[in-house]
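S.K.: Those sequence lines, one after another, are chains A and B.
All residue numbers for the first sequence refer to numbering that gives the first Met the number 0, where the first residue is 0 and numbers rise by one.
All residue numbers for the second sequence refer to numbering that gives the first Met the number 0, where the first residue is 0 and numbers rise by one.
Because the hints were derived from the structure by calculation, they are not lab data.
Errors might be hidden in some of the hints.
Unchecked claim - To list a few chain A residues with every Cβ distance to chain B over 12 Å, as calculated:
(1) 8
(2) 27
(3) 32
(4) 33
(5) 52
(6) 199
(7) 245
What the hints assert, rightly or not - In silico DSS-like pairs for lysine-lysine, Cα to Cα no more than 30 Å straight-line:
(8) A/139 / A/173
(9) A/173 / A/319
(10) A/110 / A/165
(11) A/375 / B/90
(12) A/30 / A/43
(13) B/90 / A/371
(14) A/267 / A/165
(15) A/259 / A/212
(16) A/374 / B/90
The C-beta atom is built at its ideal place from N, Cα and C for all residues, glycine as well.
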Amino acid sequence: MPSVERKPENIVQLIWPGRRSEQVTLDATGKSGGAGEIFSIDSKPGFVAKIYHATTSQARLAQYRRKIQWMVDYKPVLPQVSAEYQDIVQLAWPEALILRQSRFVGFVMQKIAFDRTLELDYLLNRRQAAQEGFDADYGKLVTVSFNLASIINCLHDKRIAIVDLKPMNVKVYKAELYVSILDCDGFHIATDEFRSDAPQVTPEYLAPEFQDKAVAHPEAQDSFALATIIFRLLNYGIHPFTGVASDHNNYPSELAGRIKQGLYPYGKAPHKSVRKVPASVHEAFPDSLRELFDRAFASSGDSRPSAHEWVGALAIYASKHSGQMSPCSKGHLRFSGRPCPTCMRDELIHGAEVRRRSFLARVQTAPARTLKYVKKTLRQTHSSPFQAALAQAQFTLVQLAPPAPISTRNAIALEILWISGLLITYWWTS
Amino acid sequence: MDELSPVTATALWVLPLLIAWLWRPRQAAGPSAWILLIAFGTLGAWALWFGLYAHLGEPAGFAFWKPTVLYWTLAAIMIMAPLLGWDYPVKILLGSYFALSNREWRWITVGFATVYTILGGVNLLVASEASYKDWVGFKYSCMMNLLIIVLFRLNFVWLPILADVCIHLYRRATVTYRYLSSLF
Chain A
0 MPSVERKPEN
10 IVQLIWPGRR
20 SEQVTLDATG
30 KSGGAGEIFS
40 IDSKPGFVAK
50 IYHATTSQAR
60 LAQYRRKIQW
70 MVDYKPVLPQ
80 VSAEYQDIVQ
90 LAWPEALILR
100 QSRFVGFVMQ
110 KIAFDRTLEL
120 DYLLNRRQAA
130 QEGFDADYGK
140 LVTVSFNLAS
150 IINCLHDKRI
160 AIVDLKPMNV
170 KVYKAELYVS
180 ILDCDGFHIA
190 TDEFRSDAPQ
200 VTPEYLAPEF
210 QDKAVAHPEA
220 QDSFALATII
230 FRLLNYGIHP
240 FTGVASDHNN
250 YPSELAGRIK
260 QGLYPYGKAP
270 HKSVRKVPAS
280 VHEAFPDSLR
290 ELFDRAFASS
300 GDSRPSAHEW
310 VGALAIYASK
320 HSGQMSPCSK
330 GHLRFSGRPC
340 PTCMRDELIH
350 GAEVRRRSFL
360 ARVQTAPART
370 LKYVKKTLRQ
380 THSSPFQAAL
390 AQAQFTLVQL
400 APPAPISTRN
410 AIALEILWIS
420 GLLITYWWTS
Chain B
0 MDELSPVTAT
10 ALWVLPLLIA
20 WLWRPRQAAG
30 PSAWILLIAF
40 GTLGAWALWF
50 GLYAHLGEPA
60 GFAFWKPTVL
70 YWTLAAIMIM
80 APLLGWDYPV
90 KILLGSYFAL
100 SNREWRWITV
110 GFATVYTILG
120 GVNLLVASEA
130 SYKDWVGFKY
140 SCMMNLLIIV
150 LFRLNFVWLP
160 ILADVCIHLY
170 RRATVTYRYL
180 SSLF
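Input sequences plus hints: build the corresponding full structure.
M.R.: Spelled out as structure tokens, the structure:
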């Protein structure tokens, strides 16, 4: 193993639960986020350290310390993982405090194997997912959704909310389909013993009642973001508030604005002023899920389905033995009794491709057809009686002479002379 | 912007005329066309010489006569050509895109001759009696008839030529595109 230069500032003290302390050396990984930088720990290969940026204020560090101390002491119980997958990390939860010269600087968390995982963001695009070695099908996507909902449900049971829940903060184990949630130090905690707010939000995943406002009900916010992520996972990345507006003047260009106005076009009852995007396959979802989506996006915050409800609804589809997911005639997994969303999508894309080619062909031939039409109009040689009548109607007062039998070059030569005469006339009369 | 150099200025009128010469129709032109060509050639040579090359400028006081010289030259051609049995010169000025009888062409020729004669006289009257500013305003108001003629020409001649040229260029571009596509 190559020797690493031991800088004094990289020698830190870890404070584990029970106040057991340990001195370790950190090595930079080059990975950095908004709040801090990630370091590996020389004697702890299964852990990494997050060290807050040096620019973090002392007051903020003090807040972090209180929060991390509570989190170290009260690690939530997470959904059961099969015995063979014990190395799966479902939460990048703080495991120990890090002190440098007795001052709090960060925390230790379990290391997530980045080679075995990919960002959930990649699953929103099948091609990207395939490039990352994940062959997405509806069985896997439903399982990922179920696992995500399960973790959030466990957190909510402990009165912990993620608030800034978005695909970028979630990792998916490619083979095992478990999920791992990052940035746990930004969670909202509201227990009897401790309370900590989470000011960070992402507008595209922010519930309508919290747009431009503080998040007053973090669990309701998580429910909205969870529903949005599940909808996007199952609908080829299409955001539930992406649509085609009938009145473009009043249609917000930003997703946040559409969320605020409740412009959700994928409900069981169609929206009055916005239509679904043609590539959506939401009609292939089972009624139970569609009703949950409708409650999440088309209803008020009070009736929004919780993570617990999502767990219940998705469990039967995530289980291989329930028979609720079955292969279509082409072998794609689909919700039993429903059309195959993969085939539906292929047909939509194929149809769109045919229309696109037809449109391009028409665009390519448009100049020639237009010029042909103009020429026929000028020469009054339209073969269609309607077009001929239309063309002649423009010149009812004067009868035109037949076109002069000269070539274009001859005509250009004459016009050069004519324009020269015009310029001479201008010079003499100006 | 600086004034054009003599070489550039010369190129700007020689090149179009060279193209016109190379692409000229080979059929014989009538005497009306020739007389108009000679008249405009003379007037154009004058304009080129005093507009581009003569440093001393035009003869003193000639500026007031300029519109009158043009109008009365054209009026003379309009009057003389039919009397000499030539074709109506107005056909060449306007273009032969209207199917009119000889009687109608004659009346148009007479109308043009009358208007040009009057305009030439009025120009001298305004130049001598009215202020310089009013005379300049009168000259520019006379240019309205040029605009009308240009619009007719644009609609009935230039647009069909443009259509022909565009179709030709589009076909060439399509062939080039196919050739380049076959290469790559």
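S.K.: Could you run down the list of hints and mark each one as holding or not?
M.R.: Right, here's what the structure says about each hint:
1. 8: Fine: 57 Å to the nearest Cβ keeps residue 8 of chain A off the interface.
2. 27: With a cut-off of 12 Å, residue 27 of chain A remains clear of chain B, as the shortest Cβ separation is near 47 Å.
3. 32: At roughly 45 Å from the nearest Cβ of chain B, residue 32 of chain A sits farther out than 12 Å, so the non-interface label holds.
4. 33: holds, 46 Å
5. 52: holds, 50 Å
6. 199: Consistent with the label, residue 199 of chain A stays out of reach of chain B, its closest Cβ about 49 Å off (over 12 Å).
7. 245: Consistent with the label, residue 245 of chain A stays out of reach of chain B, its closest Cβ about 37 Å off (over 12 Å).
8. A/139 / A/173: holds, 10 Å
9. A/173 / A/319: Measuring from Cα to Cα gives roughly 18 Å; hence the hint holds.
10. A/110 / A/165: holds, 20 Å
11. A/375 / B/90: holds, 24 Å
12. A/30 / A/43: holds, 18 Å
13. B/90 / A/371: Holds - the C-alpha atoms of residue 371 of chain A and residue 90 of chain B are around 28 Å apart, at most 30 Å.
14. A/267 / A/165: holds, 25 Å
15. A/259 / A/212: holds, 11 Å
16. A/374 / B/90: holds, 23 Å
Figure legend: structure checked against the earlier numbered hints; every hint is met.
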